[in-house]
Amino acid sequence: MNPFQYTRVTTPKAAVSALSQESGTYFLAGGTNLIDLIKREVVVPERLVDINKLPLATIEKTATGLRIGAMAKNSAVAEHELVKKHFPLLSMALNAGASAQLRNMATVGGNMMQRTRCPYFYDTSMPCNKRSPVQAGPDKGKPNGPSGCGAIDGYNRMHAIFGGSTKCIAVHPSDMCIALVALDATVNVSGPKGDRKIPFSDFHRLPGDTPQKDNTLLPGELIMSVDIPTNKFADNSHYLKVRDRASYAFALISVGVAVDMKRDVIQDIRLAMGGVAHKPWRLTEAEQFLRGKSATEANFKQAATIAMNGAKGYGENDFKLTLAPNSIIDALKTATKTA
Amino acid sequence: MTKDLKNPPIDRIDGRMKVTGGAQYFADFELPNMAYCVIVGSEIGRGTIASIDTKKAQGAPGVLGVFTHQNMPPIPGWDAPVGGEADGPAPKPDTKEKYRILHTPKILFDGQPIAMVVADSYERATYAASLVKATYAKQAARTDLEKHLAEGIAPGRPGSSDYLRGKADGYQSAPVTLEANYTIPVEVHNPMELHGILAHWTGADSLMIYAKTQGVNATQNAMAEAFKIDPKKIHVHTEFMGGGFGMGLRTWPQETAVVAIAKKIGRPLKLVVTRNQMFTLVGHRPYTVQTINMGADTNGKLIGIAHAATAETASYEDFTEATVNMTKFMYECPNVSTRYRIVRLDRSVPIWMRGPGEATGAFALESAMDEMAHKLGLDPIEFRLRNYTETDPEHNRPYSSKNLKEAYQRGAEAIGWNKRQNQPASQREGDWLIGYGMSTGTFNAFRWEASARALLNADGSLTIQSAVTDIGPGTGTALTMIAHNVLGVPLNRIKVAYGDTSLPKAPTQGGSAIVSAVGSAVYDACTKIKNQLVELAIKDGSPLAGRQADELTLTDGVLFVEKEPEKKIVVSELMWTNNLTVVDKSADSKGGPELGKYSMYSFSVHFVQVRVNPLTGVVRVSKAVSVADSGRIISPKTAASQMIGGVAGGIGMALTEEAVIDHRFGRFVNNNLADYHVAVHADVPAIETIMIDKPDPIINPMGAKGMGEIALIGFAGAVANAVFNATGQRVRDLPITPDKLLRTV
Ligand SMILES: Cc1cc2nc3c(=O)[nH]c(=O)nc-3n(C[C@H](O)[C@H](O)[C@H](O)COP(=O)(O)OP(=O)(O)OC[C@H]3O[C@@H](n4cnc5c(N)ncnc54)[C@H](O)[C@@H]3O)c2cc1C
Ligand code: SF4
Numbered sequence: 005m006n007p008f009q010y011t012r013v014t015t016p017k018a019a020v021s022a023l024s025q026e027s028g029t030y031f032l033a034g035g036t037n038l039i040d041l042i043k044r045e046v047v048v049p050e051r052l053v054d055i056n057k058l059p060l061a062t063i064e065k066t067a068t069g070l071r072i073g074a075m076a077k078n079s080a081v082a083e084h085e086l087v088k089k090h091f092p093l094l095s096m097a098l099n100a101g102a103s104a105q106l107r108n109m110a111t112v113g114g115n116m117m118q119r120t121r122c123p124y125f126y127d128t129s130m131p132c133n134k135r136s137p138v139q140a141g142p143d144k145g146k147p148n149g150p151s152g153c154g155a156i157d158g159y160n161r162m163h164a165i166f167g168g169s170t171k172c173i174a175v176h177p178s179d180m181c182i183a184l185v186a187l188d189a190t191v192n193v194s195g196p197k198g199d200r201k202i203p204f205s206d207f208h209r210l211p212g213d214t215p216q217k218d219n220t221l222l223p224g225e226l227i228m229s230v231d232i233p234t235n236k237f238a239d240n241s242h243y244l245k246v247r248d249r250a251s252y253a254f255a256l257i258s259v260g261v262a263v264d265m266k267r268d269v270i271q272d273i274r275l276a277m278g279g280v281a282h283k284p285w286r287l288t289e290a291e292q293f294l295r296g297k298s299a300t301e302a303n304f305k306q307a308a309t310i311a312m313n314g315a316k317g318y319g320e321n322d323f324k325l326t327l328a329p330n331s332i333i334d335a336l337k338t339a340t341k342t343a
Numbered sequence: 136m137t138k139d140l141k142n143p144p145i146d147r148i149d150g151r152m153k154v155t156g157g158a159q160y161f162a163d164f165e166l167p168n169m170a171y172c173v174i175v176g177s178e179i180g181r182g183t184i185a186s187i188d189t190k191k192a193q194g195a196p197g198v199l200g201v202f203t204h205q206n207m208p209p210i211p212g213w214d215a216p217v218g219g220e221a222d223g224p225a226p227k228p229d230t231k232e233k234y235r236i237l238h239t240p241k242i243l244f245d246g247q248p249i250a251m252v253v254a255d256s257y258e259r260a261t262y263a264a265s266l267v268k269a270t271y272a273k274q275a276a277r278t279d280l281e282k283h284l285a286e287g288i289a290p291g292r293p294g295s296s297d298y299l300r301g302k303a304d305g306y307q308s309a310p311v312t313l314e315a316n317y318t319i320p321v322e323v324h325n326p327m328e329l330h331g332i333l334a335h336w337t338g339a340d341s342l343m344i345y346a347k348t349q350g351v352n353a354t355q356n357a358m359a360e361a362f363k364i365d366p367k368k369i370h371v372h373t374e375f376m377g378g379g380f381g382m383g384l385r386t387w388p389q390e391t392a393v394v395a396i397a398k399k400i401g402r403p404l405k406l407v408v409t410r411n412q413m414f415t416l417v418g419h420r421p422y423t424v425q426t427i428n429m430g431a432d433t434n435g436k437l438i439g440i441a442h443a444a445t446a447e448t449a450s451y452e453d454f455t456e457a458t459v460n461m462t463k464f465m466y467e468c469p470n471v472s473t474r475y476r477i478v479r480l481d482r483s484v485p486i487w488m489r490g491p492g493e494a495t496g497a498f499a500l501e502s503a504m505d506e507m508a509h510k511l512g513l514d515p516i517e518f519r520l521r522n523y524t525e526t527d528p529e530h531n532r533p534y535s536s537k538n539l540k541e542a543y544q545r546g547a548e549a550i551g552w553n554k555r556q557n558q559p560a561s562q563r564e565g566d567w568l569i570g571y572g573m574s575t576g577t578f579n580a581f582r583w584e585a586s587a588r589a590l591l592n593a594d595g596s597l598t599i600q601s602a603v604t605d606i607g608p609g610t611g612t613a614l615t616m617i618a619h620n621v622l623g624v625p626l627n628r629i630k631v632a633y634g635d636t637s638l639p640k641a642p643t644q645g646g647s648a649i650v651s652a653v654g655s656a657v658y659d660a661c662t663k664i665k666n667q668l669v670e671l672a673i674k675d676g677s678p679l680a681g682r683q684a685d686e687l688t689l690t691d692g693v694l695f696v697e698k699e700p701e702k703k704i705v706v707s708e709l710m711w712t713n714n715l716t717v718v719d720k721s722a723d724s725k726g727g728p729e730l731g732k733y734s735m736y737s738f739s740v741h742f743v744q745v746r747v748n749p750l751t752g753v754v755r756v757s758k759a760v761s762v763a764d765s766g767r768i769i770s771p772k773t774a775a776s777q778m779i780g781g782v783a784g785g786i787g788m789a790l791t792e793e794a795v796i797d798h799r800f801g802r803f804v805n806n807n808l809a810d811y812h813v814a815v816h817a818d819v820p821a822i823e824t825i826m827i828d829k830p831d832p833i834i835n836p837m838g839a840k841g842m843g844e845i846a847l848i849g850f851a852g853a854v855a856n857a858v859f860n861a862t863g864q865r866v867r868d869l870p871i872t873p874d875k876l877l878r879t880v
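Protein sequence lines correspond, in order, to chains A and B. Using this note's numbering, the first residue of the first sequence is number 5, and each one after it goes up by one. Using this note's numbering, the first residue of the second sequence is number 136, and each one after it goes up by one.
Everything labelled a hint here was simulated from the structure, so no lab data went into it. Source: prediction; values computed, not measured.
Straight-line Cα separation of at most 20 angstroms, PhoX-like style, residue types lysine-lysine; simulated pairs: (1) B:K875 <-> A:K316; (2) A:K89 <-> A:K236; (3) B:K268 <-> A:K43; (4) A:K341 <-> A:K88; (5) A:K43 <-> B:K191; (6) A:K297 <-> A:K236; (7) B:K241 <-> B:K268; (8) B:K241 <-> B:K231; (9) A:K89 <-> A:K341.
With the Cβ distance kept under 7 angstroms, some of the chain A side facing chain B (calculated, not the full set): (10) V246; (11) D248; (12) A250; (13) F323.
Ideal Cβ placement from N, Cα and C applies to all residues, glycine included.
Produce the complete structure using the sequences and hints provided.
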């Protein structure tokens with residue numbers, strides 16, 4: 005731990021300029037992830053900019069759908085009437101995450117920005133490229149610890165089966181983000197160079213050679229809100245989370261399904277998976293296959309096979325190669341009420 | 136008493152205090168001028184500290200001292216490991232390495248304290264601790280038991296030697312045979328309350344300690360040995376404990392170090408470890424690998440069982456437990472052999488965890504019994520009944536009491552055993568497979584030595600005193616009930632003082648032995664009071680003069696003749712006329728030699744219904760029934776909650792708990808409560824508890840046997856057996872996580 009400065013800001017503008025001033029500056033939202041990272045010296049901040057006073061917690065209807073402020077608490081979103089009614093997938097995904105206490109603290113922006121739960125990332129005595137990018141010299145080695153990937157040849161039970169690189173196979177741990185990527189959300193951000201919109205599926209990234217970068221947010225940018233477009237999925241949505249205990253555990257595999265059904269025919273569908281990649285994993289090809297098909301187990305099986313194209317296990321997580329397609333089938337059956 | 140014991144289901148006496156914040160745990164105590172200690176742990180599993188830089192830490196604000204192997208104050212009694220090894224003195228010659236906290240640069244396990252940082256606040260001590268930097272000469276740490284199974288050694292302690300009845304390979308010639316390996320991972324107690332100690336030297340050789348210990352007298356003795364001072368000068372207080380499960384069964388080296396440093400800095404010193412450190416500094420259930428060979432004839436009679444277990448221990452201490460013992464006496468079987476080995480690894484030392492080795496062993500034995508029943512095409516209960524024994528085949532003597540048949544029957548009724556299909560994977564509800572499983576559990580019923588004092592005051596109130604700690608099972612509540620039953624004092628007029636060395640000596644809270652041991656002492660002390668009252672009541676001049684002692688009954692402060700209730704005397708008047716302000720009696724209680732003629736065990740049977748999702752491998756315990764055959768139940772409510780807690784722990788053991796080590800680094804990768812999965816409410820269904828509640832005529836005057844361990848022992852086996860019944864898949868490696876069921880598809 006090192007002594008750091010603490011500033012509280014009340015306007016997004018002040019937040020953005022505070023963050024872009026110096027490196028080592030971090031936004032502090034609910035703190036449920038950042039504070040742990042600081043305690044374990046994974047993050048060594050110079051300055052924390054507390055954004056809890058920003059007026060960004062509203063959840064409101066817009067002309068095209070719903071806008072959720074970045075500072076809205078996870079619990080507030082999950083329990084919001086409009087969310088429950090029109091976007092039940094989001095509500096289910098949020099409620100499947102963490103614990104009630106954590107959801108009361110955690111914000112939408114913080115949830116998107118949370119770091120991986122890879123154990124090597126959190127233990128500065130163990131190698132990790134995400135925490136200590138390869139370039140770190142001998143004096144940069146501490147306190148952030150050695151480079152390398154502890155997980156690839158180690159305890160990788162929780163790790164990615166899609167999109168990993170030789171540098172990193174971590175997964176993004178969020179449940180909420182699986183729903184948001186499935187529901188074609190858009191992220192509104194504000195930065196030193198102005199405002200921009202990022203499609204949710206482009207917000208997070210694959211590790212490649214730069215696993216230290218989780219997403220495409222630019223330095224100094226603040227997440228303002230998330231937009232979800234109106235859809236016809238409310239009647240047939242399901243979030244399946246397979247985990248080691250019934251609550252308060254990260255996903256081994258999760259599947260978000262949202263279907264527009266007419267009789268037993270799938271008119272339109274959104275499918276995304278968690279616990280499988282460095283980013284919320286959208287299953288576009290499987291969606292494509294299912295569009296216009298009837299909701300049968302045979303079709304679900306085929307969709308699951310398509311979805312698993314390119315999957316790769318690393319030893320301890322090989323079981324996900326079976327669990328993932330099974331979970332897709334199970335979630336599809338539940339969402340289409342054919343179980 | 137056994138015949139007329141009245142045991143209304145009263146609430147636990149400390150319940151209100153606990154939920155309103157009135158109960159003070161060790162870390163709640165604040166002393167003037169108190170300093171705080173934070174431990175820096177090693178980041179390697181084996182090697183030597185090459186350099187340790189404490190300069191920055193020493194210069195940090197509020198720091199009072201940074202203690203390492205270079206400047207640690209001496210501990211006079213260090214030559215013998217303080218408190219001895221957990222399970223008794225090491226057999227000679229003792230060639231093991233020695234672990235002396237902060238007295239050597241040698242690292243014997245990951246997380247070993249390399250510095251203790253003391254500051255005027257916890258936060259400042261934590262900050263300064265983060266500034267201590269060490270470099271190491273690293274050696275490869277041997278932490279993987281599976282790779283070192285061949286290095287098992289016989290511990291050479293009494294009770295852990297190889298056992299043989301009949302022929303060692305008797306199972307081989309049986310018509311139906313079975314060989315199976317079972318593993319239990321490292322499990323960590325992880326009570327909510329963190330470990331630590333607050334030490335205050337009140338004089339040059341006198342000490343006040345607030346500890347998180349399951350035995351204040353044991354801590355007192357350990358510190359007396361370490362600091363070569365008179366135990367009478369050491370006052371230890373642990374009235375409440377936020378869960379122990381075994382981690383407080385010994386005095387840990389860091390506690391002794393805190394006491395030494397407190398002396399050096401001349402201030403009271405408090406240590407509260409971090410959750411991470413709970414994985415390395417206060418023991419764990421050892422990783423254990425077991426093999427069972429079993430043979431039976433086609434009528435379902437056991438012919439032979441061979442049970443071998445190999446468990447990890449530290450390089451510096453031989454920890455042992457009774458993993459294979461149940462196999463020796465549980466079933467009638469002519470050929471039984473057991474073998475128990477330990478492997479010294481570069482790991483911190485284990486300690487008993489609820490149900491200890493017996494829970495580990497029961498998982499293997501009771502899984503194997505289920506596997507054999509399946510091979511024979513028998514119902515698992517029927518198979519057990521065919522091998523039931525009314526006498527202990529290990530010692531050739533009767534059980535003091537055993538009502539296991541009734542327990543099987545009542546549990547089976549409660550769970551709806553008749554709905555179970557013997558054919559696995561044959562029941563479904565929607566997409567979920569349904570299965571039923573059961574398992575037996577057993578644990579020694581002890582009668583240890585204990586003392587207690589009872590004081591009947593002139594106002595009719597009663598005070599009970601014993602040094603015993605109440606780690607949560609409801610000891611105080613049970614003692615209240617026992618006193619109430621002997622003296623007839625209303626429950627709300629009884630006060631129990633416990634958890635303090637100023638009170639009469641008591642054993643460490645463990646081994647499910649406290650109601651039996653301390654309860655007997657309370658019973659005896661109260662009986663002495665009663666006898667004195669009766670004696671006074673039948674003296675000349677009393678309204679009951681000339682009556683026989685056994686004609687009198689004592690209830691609600693009145694002594695009377697049962698058949699002529701108008702013949703009575705109020706106790707307070709009796710005390711007044713005899714100039715007594717208090718009747719004060721102490722008792723030292725222990726079992727007589729007649730106990731040696733019996734085998735004394737508590738028994739349990741666990742029944743579960745599970746639901747398994749065949750696609751995801753997810754297992755849910757949907758129903759649980761646990762039956763206790765543990766003699767007379769003293770306090771029905773706290774007894775039931777003991778069983779419920781055991782089941783919750785058992786679900787964790789069966790389905791979720793596993794501390795994972797990356798053997799390349801010799802280090803845990805899930806040492807926190809988010810990643811080490813203790814069962815949460817959503818994992819635990821409503822639990823039905825059934826008490827056979829029949830007094831044991833031998834063990835003690837109350838007829839009560841212990842139940843803390845049997846609540847857990849066997850439970851994991853019941854779940855594994857139910858999973859087999861649901862799916863046809865046999866998981867022999869705990870915990871039964873979804874991946875294991877997928878893998879075996
Ligand atoms: C024990 C435990 C279990 C958990 N289990 C789950 C689970 O099962 N599923 C799940 O999905 N999550 C889980 N979580 C994670 C939890 O959802 C996140 O910690 C939480 O969402 C983070 O939100 P926060 O507001 O507290 O973020 P903080 O911790 O305050 O911040 C996290 C990061 O986001 C950045 N940030 C915050 N807001 C903004 C913004 N508006 N713009 C730009 N950057 C921003 C911060 O700078 C920081 O880097 C768990 C967490 C814990 C501790
Ligand atoms: S998987 Fe990624 S986060 Fe985990 S150790 Fe490897 S580089 Fe670090």
